[in-house]
Amino acid sequence: MSNYLAKNTLPHVGTTPAVRGDGIKFYDANGKQYYDFSSQTLNLLLGQCHPSIVKAIREQAGRISYASSRFGTDVYFEAVELLHSIAPNPESKVNIKMCDGSDANETAIKTARKYTNKPGIISFYKMHTGQTTQTINIRGYGRDERTLIGTTDQVYFVNPPKCKDLMDYLDTLEEIEEIAKREKIGGLILDPLMVNGGLLVNKNTREYLRAIQTICKNYNMIFILDENQTFGWFPTLFASKYWDIDPDIITLGKGLSGGNPLAGVIIKDYLDGVLDYNEADFTNGGNPLCCAATIATINTLLNTNFKIMEKEKIFTEGFSVIKEKFSNVNVRGIGIIWCLDLSDIESDNNLTSSIYKVMLDRGIFLRQYGNKLIFKPPVIVTEEEIRMVMLKLRKVMEEVLCN
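No gaps in the numbering here: position 341 of the sequence shown is 584 in the numbering used here, and each next residue is one more.
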């Protein structure tokens with residue numbers, strides 16, 4: 244790897260780079276094969292080099308590669324119309340002139356503040372919102388005060404629900420309402436799964452999300468649902484559809500274009516026109532190649548039954564066997580997104596890191612956040628592949644935790 248990489252980037256010198264991918268598998272420069280149960284950066288919805296995406300990008304690259312906002316491109320308008328056709332609320336508008344989920348979340352925040360003329364934003368500890376100045380300010384972890392350019396005086400953090408056997412969400416709702424009563428809050432932003440926080444989800448999630456929606460309505464706050472990490476991984480595509488909630492703004496990125504750099508927002512009609520031109524219209528946003536990838540991704544999702552809930556049963560069975568052996572680990576999940584939480588076993592993350600590293604050595608790529616391991620494979624994963632990974636996980640946990 245290059246010695247010229249900035250220190251704040253990964254991978255570091257000495258890492259063997261990935262050079263090839265095929266579906267759920269990818270290979271490093273030494274030829275080692277990995278099963279991707281992290282969807283790389285939680286974004287490869289259809290895995291590596293999905294044929295429909297490869298075909299779409301190749302064809303688009305031979306037609307037109309860019310056009311200014313003065314013209315737009317046919318593929319851009321096609322992607323907008325297709326996304327609108329599947330939007331949870333038909334009375335909405337679409338903006339996909341963005342490149343990354345950070346752009347989308349920042350656009351949502353701008354919209355909420357400008358529409359309500361109220362500066363306050365409610366966010367959640369442990370939530371990942373992005374890496375722009377504004378989204379770092381509202382990010383719920385890793386907050387280095389030296390990085391927080393600008394004021395954070397009008398950002399209010401609440402604790403997410405404790406989530407083990409039953410979701411204890413009442414304290415969180417009380418925190419939100421108390422802030423809404425005393426401060427000028429323009430909007431609330433929430434990732435419904437809190438993937439980076441350890442997948443805070445269970446059977447009471449619907450009730451919890453709908454209660455938040457009610458509070459936002461009662462206090463004239465814009466309800467922003469961050470679906471960067473959920474879109475496409477649900478059988479209903481949108482988490483908001485799955486839990487029957489109606490946010491004012493939905494932010495999208497990551498899997499929307501199958502891992503290509505495109506993001507956007509779906510806003511209710513009454514918010515259309517709040518932002519002016521050049522307030523959320525990025526130079527490379529809506530790029531034709533990425534729009535082609537988006538169309539291919541959405542059409543693949545619409546025309547393929549990935550049997551998400553059937554695969555959920557395989558994860559459930561696998562983790563049930565693990566729970567029988569290790570009763571003090573916590574497991575949470577929905578569909579094919581799962582969390583193995585070792586916080587009741589350790590506080591220093593050493594055991595979790597050991598499990599992660601051994602799994603990686605054995606060709607299984609997961610995501611680690613402290614003492615939590617996240618499983619989020621592309622939707623193309625097979626039931627056999629899930630069973631294989633669950634079996635390897637159990638054996639690795641026996642080696643690490645029983646020695």
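If you're looking for bench data, these hints aren't it; they were derived computationally from the structure.
Positions of the beta carbon are idealized from the N, C-alpha and C atoms, including for glycine.
Be careful, since some hints might not be right.
[Unchecked claim] Cβ pair distances, simulated, as ranges:
#1 Asn646 to Asn521: 17 to 23 Å
#2 Gln397 to Tyr270: 44 to 50 Å
#3 Phe314 to Leu634: 49 to 55 Å
#4 Asn646 to Lys566: 15 to 21 Å
#5 Arg301 to Met631: 45 to 51 Å
#6 Arg313 to Thr258: 48 to 54 Å
#7 Ser586 to Gln374: 42 to 48 Å
#8 Ala310 to Leu594: 36 to 42 Å
#9 Ala310 to Thr479: 31 to 37 Å
[As the list claims (entries may be wrong)] Here are the simulated BS3-like cross-link-like pairs (lysine-lysine), alpha carbons at most 27 Å apart as the crow flies:
#10 Lys275 to Lys638
#11 Lys550 to Lys566
#12 Lys357 to Lys405
#13 Lys566 to Lys554
#14 Lys298 to Lys446
#15 Lys268 to Lys298
#16 Lys484 to Lys353
#17 Lys250 to Lys424
#18 Lys336 to Lys357
#19 Lys268 to Lys511
#20 Lys484 to Lys336
#21 Lys554 to Lys511
#22 Lys369 to Lys550
#23 Lys405 to Lys336
#24 Lys369 to Lys298
#25 Lys446 to Lys275
#26 Lys568 to Lys446
#27 Lys511 to Lys550
#28 Lys554 to Lys268
#29 Lys336 to Lys446
#30 Lys600 to Lys638
#31 Lys484 to Lys554
Query - Hint check, failures only - result: 1, 5, 6, 7, 8, 12, 14, 17, 19, 21, 22, 23, 24, 25, 27, 29
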